[in-house]
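Protein chains in written order, with the working numbering: chain A, 4 to 129; chain B, 7 to 405.
Hints may contain errors.
What the hints assert, rightly or not - The calculated label-pair distances, taken between Cβ atoms and stated as ranges, are:
(1) A/D114 - B/Q271: 54 to 62 Å
(2) B/G251 - A/E38: 37 to 45 Å
(3) A/D86 - B/K114: 48 to 56 Å
(4) B/D355 - A/P102: 40 to 48 Å
(5) A/G53 - B/E328: 27 to 35 Å
(6) B/E129 - A/G121: 31 to 39 Å
(7) A/D100 - B/S291: 54 to 62 Å
(8) B/S229 - A/D18: 27 to 35 Å
(9) B/R125 - A/E38: 34 to 42 Å
(10) B/K114 - A/P29: 29 to 37 Å
As the list claims (entries may be wrong) - Below, computed lysine to aspartate or glutamate pairings styled on EDC-like, alpha-carbon distance capped at 16 Å:
(11) B/K93 - B/E236
(12) B/K395 - A/E38
(13) B/K395 - A/D85
(14) B/K395 - A/E103
Stated by the list, open to error - These stretches of chain A come out as covered by chain B in the derived footprint (C-beta under 8 Å, 3 or more residues):
(15) 37 to 43
(16) 46 to 57
(17) 85 to 97
(18) 112 to 121
Think of the hints as simulated: they come from the structure by calculation, not from any bench. Predicted, not measured: the structure shown is a model, and the values here were computed from it. All residues carry an ideal CB built from backbone N, CA and C; glycine is no exception.
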Amino acid sequence: MDSLDYSQQVRDRFDRPANAGRLLGPVISGVAGEEDLGTRIEFDFRLRSGVVEESAFRVYGCPHAIAAASWVAETARGRRLDDTSWMDPLKLAGMLDVPEHKLGVLLVVQDALEAAAGKCDESEDR
Amino acid sequence: MICSSDIIYMDYAATTPVDDRVARLMCECMTRDGVFANPASRSHQLGRDAQGRVEMARHEIARLLGASHTEIIWTSGATESDNLALKGVAHSLREQGRHLITSRTEHKAVLDTARQLEREGFEVSLLVPADQGRVTAEQIAAELRDDTILVSIMHANNETGVVSDIAAIGRLCRERGVLFHVDAAQSAGKLPIDVGEMCIDLLSVSGHKIYGPKGIGALYVRSCPATHLEPLIHGGGHERGMRSGTLPTHQIVGMGEAFRLAGQQMESEKHKLTGLRDRFWNGISRLGGVLLNGHRDARIPGILNVSIEGVEGESLLFALRELAVSSGSACTSASREASYVLRALGRSDQLAQSSIRFSIGRYTSEDEIDRAVAIVAKQVHRLRGLAPKTPVTSGREAG
């Protein structure tokens, strides 16, 4: 795959990234990556009884990073935040047609999700 | 305007479309009712006709460079010209010295050739341009040694468009008795060149950068005193033994016509492109955080290289897919590395990766410029809106 030859799902999420933005009020946030290194992901989750009710993401990164963050923010809804086993970077790579040299980007997305999950103990509903 | 698609073509520094007038002449030299014969076949009139066309084209190249037609060698393009200049001189003068000087911001055709010469035992000094992308004569003077045999500095940089003071470097090299090669692929036909006044011994040019065909180029080789080159290609003794191989009449005729037209239109095109480039810059710099890469004034009019703060490079390039632009130079954009040219100018990896080269040309219109500004503004706003923060300064700076 050429460096600018993205799958249709990546194209769609890049052009119309659902859940992009910031949640106001009490939320659990997870952050990973550095802009200087090319990828930074931030998630906000609002929970009810430990379950994600609302989610949002911000991203500095390549189209694959944007698509992956958008997918995670969308898929997290209705799931318990303290269980992130559904986020498998290899499966996500297959789904989005992410080339092998970009797998690191998906690990940053996973790190940001797990950073938020790690804060679940600190507070109940937010 | 280029009508073949909805994409706005802003990659003229990578290549240009063949001018219709050039294409018509080329077509006259390919089919059985045209001048198709081998220009080396001097035993019959058809061959001599082809040779006549080749020599007319050679005169056009020479005229634009202030050279004699006897000093022009046809090649397959500027890459081969650069190879012939560097390797030809190095192999010819290896008994006199083994030191060459060039800069880190040269085209890969020069840098990779210099690396090959290093593997063969030559020493190469690589200068970091001192003046916002410009290599100065003072820098060259500091590196010259008794065993220096060649200095190779490009006229206009292919990524930034920055122009170095070639005449000053040429005078220095001539005083010191060192051969001076110039890669003029980006400047020929766009800036005045006089190889005599600029004290240039070897100069590489290409057809496809100025509305001629791809696959043809030339090397100016100073004849008085004779500059000795060891050929790269043997077989037939064409081009005074410096470059064997049947001459492609149609491509040579096309390059000759392209150079003739470029000479005629140089001033008017320079004026037009400067206006369009400034219009584009004024439009996109209003976004804030748009940094001009390279010298503000010493640059050719058709290239504008900018880094855009707060957006990641690959996303920016994909977001701008309604524009045909380059991220760094076209020759390196297949790699994941940040532009080595911009890194040499001191840009961070992040800003080098978020750099875009916009290059405009003969068929660019004001309407295209205005549409391009609108597209850049929309997409930069959108990507910055997705980002965790918008670390954008309001300054416009040259780096």
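Hints versus structure:
1. A/D114 - B/Q271: 54 to 62 Å: holds, 56 Å
2. B/G251 - A/E38: 37 to 45 Å: violated, 51 Å
3. A/D86 - B/K114: 48 to 56 Å: Since the Cβ atoms of A/D86 and B/K114 sit about 50 Å apart, the hinted range of 48 to 56 Å holds.
4. B/D355 - A/P102: 40 to 48 Å: violated, 20 Å
5. A/G53 - B/E328: 27 to 35 Å: With a Cβ separation near 45 Å, A/G53 and B/E328 fall outside 27 to 35 Å, so the hint is violated.
6. B/E129 - A/G121: 31 to 39 Å: Roughly 55 Å apart at Cβ, these two residues miss the hinted range, so it is violated.
7. A/D100 - B/S291: 54 to 62 Å: violated, 36 Å
8. B/S229 - A/D18: 27 to 35 Å: violated, 58 Å
9. B/R125 - A/E38: 34 to 42 Å: Cβ of B/R125 to Cβ of A/E38: about 38 Å, so the range 34 to 42 Å holds.
10. B/K114 - A/P29: 29 to 37 Å: violated, 54 Å
11. B/K93 - B/E236: holds, 7 Å
12. B/K395 - A/E38: Holds, because 10 Å separates the two Cα atoms, which is no more than 16 Å.
13. B/K395 - A/D85: violated, 27 Å
14. B/K395 - A/E103: violated, 28 Å
15. 37 to 43: holds (count 5)
16. 46 to 57: violated (count 0)
17. 85 to 97: violated (count 0)
18. 112 to 121: Violated: only 0 residues of the region 112 to 121 of chain A have a Cβ under 8 Å from chain B.
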